[in-house]
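These protein sequences, in sequence, are chains A and B.
Using this note's numbering, you'd call the opening residue of the first sequence number 50 and step up by one each time.
Using this note's numbering, you'd call the opening residue of the second sequence number 195 and step up by one each time.
Worth flagging that the hints you see were computed from the coordinates, not collected in a lab.
Each hint should be verified, as a subset may be incorrect.
Claimed, not checked - Taking lysine-lysine pairs in the DSS-like style, the calculated list, with each CA pair at most 30 Å apart, reads:
(1) LYS502/A / LYS486/A
(2) LYS313/A / LYS234/B
(3) LYS197/A / LYS234/B
(4) LYS120/A / LYS186/A
(5) LYS64/A / LYS221/B
To be verified - Selected chain A positions facing chain B (in silico; Cβ < 8 Å):
(6) SER80
(7) LEU125
(8) ASN333
(9) ASP408
C-beta atoms are modelled at their ideal positions from N, C-alpha and C, and glycine is treated no differently.
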Amino acid sequence: MASRSESIKSDKAIKAIELFRKRMNRQAIISMGVCVHCGNCTETCHYYQATKDPKMSPSYKADKVRKIYKKHFDWLGRVLPGWVGAKDISTDADLEELKDICFGSCTMCRRCTFNCPMGVDKALIIRTARGILTELKVAPQGILDVNKDQWEVGNQMGVSDEEYLETIDWLSEELQNELGDPDAKMPMDIPDCNIVYAINPREVKYAPMSLLASAKIFYAVDESWTLPAKGWDNTNFGLFSGDNALGGHMGKLVFENVQRLNGKMLVTSECGHGYRSTKWESPNWSGIIMKQPILNFLEVVCDYVNSGRLKLDKSRNKEPVTYHDPCNYARSGGITEEPRFLLRQSVMEFREMYPNRADNWCCSGGGGAMSMSEYSKRRLEAARIKAEQLKATGAKIVATACHNCVDALTDLIRHYKLNMKVSLVGEMVANAVVIEKKPRVAVPVVRGDAFLKGYTILVVDDEPDMVTFLSAVFEDNGGTVIKASNGDEALTALRRQKPHLMTLDLSMPGKSGVEVFEEIRRDQKLTRLPIFVISGQPELRKLIYDNSFAPPEGYADKPIDEERLLLTVRKILNIPHRS
Amino acid sequence: MDEFLKILEDQVQIVALSIMAIVYISKVIWIMRFKPFVEKTPAKGSHRAGIAYSFATIAMPWSMESSSKKPYKYIEFALFHLGVLTAILISFIIPYWPQVMESTAVVFLTRTIIGLALIAGLIRIVRRIAFASMRVISSPDDYFSLFLLEVWLFFAFWAAANNNYWMLVGFFALTAFFLIYVPFSKISHYLLWPFARYYLGKHLGHRGVYPKISERSVRQVTNAINQGV
Numbered sequence: 050m051a052s053r054s055e056s057i058k059s060d061k062a063i064k065a066i067e068l069f070r071k072r073m074n075r076q077a078i079i080s081m082g083v084c085v086h087c088g089n090c091t092e093t094c095h096y097y098q099a100t101k102d103p104k105m106s107p108s109y110k111a112d113k114v115r116k117i118y119k120k121h122f123d124w125l126g127r128v129l130p131g132w133v134g135a136k137d138i139s140t141d142a143d144l145e146e147l148k149d150i151c152f153g154s155c156t157m158c159r160r161c162t163f164n165c166p167m168g169v170d171k172a173l174i175i176r177t178a179r180g181i182l183t184e185l186k187v188a189p190q191g192i193l194d195v196n197k198d199q200w201e202v203g204n205q206m207g208v209s210d211e212e213y214l215e216t217i218d219w220l221s222e223e224l225q226n227e228l229g230d231p232d233a234k235m236p237m238d239i240p241d242c243n244i245v246y247a248i249n250p251r252e253v254k255y256a257p258m259s260l261l262a263s264a265k266i267f268y269a270v271d272e273s274w275t276l277p278a279k280g281w282d283n284t285n286f287g288l289f290s291g292d293n294a295l296g297g298h299m300g301k302l303v304f305e306n307v308q309r310l311n312g313k314m315l316v317t318s319e320c321g322h323g324y325r326s327t328k329w330e331s332p333n334w335s336g337i338i339m340k341q342p343i344l345n346f347l348e349v350v351c352d353y354v355n356s357g358r359l360k361l362d363k364s365r366n367k368e369p370v371t372y373h374d375p376c377n378y379a380r381s382g383g384i385t386e387e388p389r390f391l392l393r394q395s396v397m398e399f400r401e402m403y404p405n406r407a408d409n410w411c412c413s414g415g416g417g418a419m420s421m422s423e424y425s426k427r428r429l430e431a432a433r434i435k436a437e438q439l440k441a442t443g444a445k446i447v448a449t450a451c452h453n454c455v456d457a458l459t460d461l462i463r464h465y466k467l468n469m470k471v472s473l474v475g476e477m478v479a480n481a482v483v484i485e486k487k488p489r490v491a492v493p494v495v496r497g498d499a500f501l502k503g504y505t506i507l508v509v510d511d512e513p514d515m516v517t518f519l520s521a522v523f524e525d526n527g528g529t530v531i532k533a534s535n536g537d538e539a540l541t542a543l544r545r546q547k548p549h550l551m552t553l554d555l556s557m558p559g560k561s562g563v564e565v566f567e568e569i570r571r572d573q574k575l576t577r578l579p580i581f582v583i584s585g586q587p588e589l590r591k592l593i594y595d596n597s598f599a600p601p602e603g604y605a606d607k608p609i610d611e612e613r614l615l616l617t618v619r620k621i622l623n624i625p626h627r628s
Numbered sequence: 195m196d197e198f199l200k201i202l203e204d205q206v207q208i209v210a211l212s213i214m215a216i217v218y219i220s221k222v223i224w225i226m227r228f229k230p231f232v233e234k235t236p237a238k239g240s241h242r243a244g245i246a247y248s249f250a251t252i253a254m255p256w257s258m259e260s261s262s263k264k265p266y267k268y269i270e271f272a273l274f275h276l277g278v279l280t281a282i283l284i285s286f287i288i289p290y291w292p293q294v295m296e297s298t299a300v301v302f303l304t305r306t307i308i309g310l311a312l313i314a315g316l317i318r319i320v321r322r323i324a325f326a327s328m329r330v331i332s333s334p335d336d337y338f339s340l341f342l343l344e345v346w347l348f349f350a351f352w353a354a355a356n357n358n359y360w361m362l363v364g365f366f367a368l369t370a371f372f373l374i375y376v377p378f379s380k381i382s383h384y385l386l387w388p389f390a391r392y393y394l395g396k397h398l399g400h401r402g403v404y405p406k407i408s409e410r411s412v413r414q415v416t417n418a419i420n421q422g423v
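The shape of chain A in the complex, shown without the other chains:
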């Protein structure tokens, strides 16, 4: 018979307790029970350091989960709950509070774990709670949407097979043009290669530069590699959402395709959580232990340099560079020296950041934080610690090896007005690559080929300098430009002139870019218009990760350089260099 307290519990609360019981393993039980509330972890958390809010202490946050353990498992807690801080989850509001703590104020970076004298894995505690909340659908919409995309489409950005193959095709042409070699290719689904290369969907959707960089390096060493046609997403929101079944599903997709293609090794591109999931977590979640080794791109490139296969010219990267250790590499993956080695070989001046390696501060975008737009303000506030760390290096470029970190660092650099750029390590290396082999047949490099001739582009921005810059670049490349300085003007121009593409700023007086975006996506006649968001606002993440509408076809953070701008436009309009 249910007790009185159980009888007034919400259905979700009852289910939460059931799930909690199911998820307890020995490590979790120990981490729940061993904390002595010494407070040593408090100052190791970037949320606490930035806000000095006692409720941001890792111990306090973990206690919100631990109180359930104490109520249902701890011997004294079951008899005298108030004595040991045991408290049950009773209402949906309790679950909402737990959601806010577990998703909104912890990136599961594990910095506190490494500084806990007892060895409490607080990230494990938080992830346990996340898994329960996700199963109950009490999770940020962005997390639920991406989970759904990974379950249903097989990748985190809902990229269709057609879009994936078209993009890779287009990138192949870009690569051929850049290298002047018609044999340079992005190999697709080739069996028996040395490397099956699993990537981050962001590289297909929004950041093709990093995939081009990898392809250039593989080309330079004449590597036998392939992208798989299926199971190509190395990212895994199962890690962030705590959904082990999804984690296993995504791992299985990747592993089965490596086996189908009979690749000799699986290499993941630069993605912190993707590497951690694929190498360390997914085999456990899926139960599939491949005979092929799983490596990160940086480990492979290190080998190329060490064996003399890859020659680098560091004079091509003249500006001082520092390195940000992604948490999933440094604290959960065992990769800290390879990126440093590569940067020292690729750049004129490498500056260490302090603290570093396993002691590094989180970029503030870990644990799926970039997909939870409702917590952007808190995320950016907590990012102050990272901003101070970056500023102290005096470097002009911060290199990192994770796409989430790239996004988070870009956001915080703009927010804290730092004079820095963000780059992936692979991009820095690719820029320094010395290619010695001669192409069989030279492909003429086409520059200024008026590739936008016949295309009309609507430029929407309230900053006159930005409008002038964008218009000049598009017109120089043969495009016709329509200008709008606010949302209403943009919608009017759009309905009258039907452009092929719209660039959209999000922060504008009157109707905001977000409202314009949503209005276009709701309008059946306009919904297919490709939109390239160029903005400095964190609201951008909502448009990408929340599935209420189809995401923008392209996005870039301000300031944007001409090369990135044109590459993205060509990608969106599917125009190769040699059009």
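Add chain B to chain A, keeping to what the hints say.
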């Protein structure tokens, strides 16, 4: 010696210790009934090295920012725990090897250690009460355990000379209470600590994260990478 004190020092302690042992054994059995997460992936590092490093962190204040940046906290931790260990030790020495405590040097040393632990404990109480970040994470058990340990250390300090009847009664009465209360309270953290450090060390050692790479060891690792190891 008073018969009451004799019973309190001996039979009562044995009974209390037996209860503690039964509870601890039950607790360990209970923990072992939960299935551990078993790593199936091929290791990048060494389990043994990871476990050894994980346990060694207790003696390496430089390995954690929480102690390297605030060395006084580590000193306080060491003194407090050393004092508690000393008090536990004299709870066995006084009834079974009382001649040891006849040495003034031993008594002086014992009192110095326990006295420093008392000061460290006092600092801990003040910190727990004075700082908001400590108050929000503190339960009644946290306050009670710390306060009671202070009282116990106070009695231990005076009982060390083995010549003050009421201090000895207070010390052994509290010791008996602790032996029964501790397994249920946060003070039993030392029972779980080896498990926690073992599993964390094994997990991070497997991935090559532990032993943690420091600036000092970077050169070695870089050389290893250069040699393609």
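What are the numbers of the hints the structure violates, in ascending order? 1
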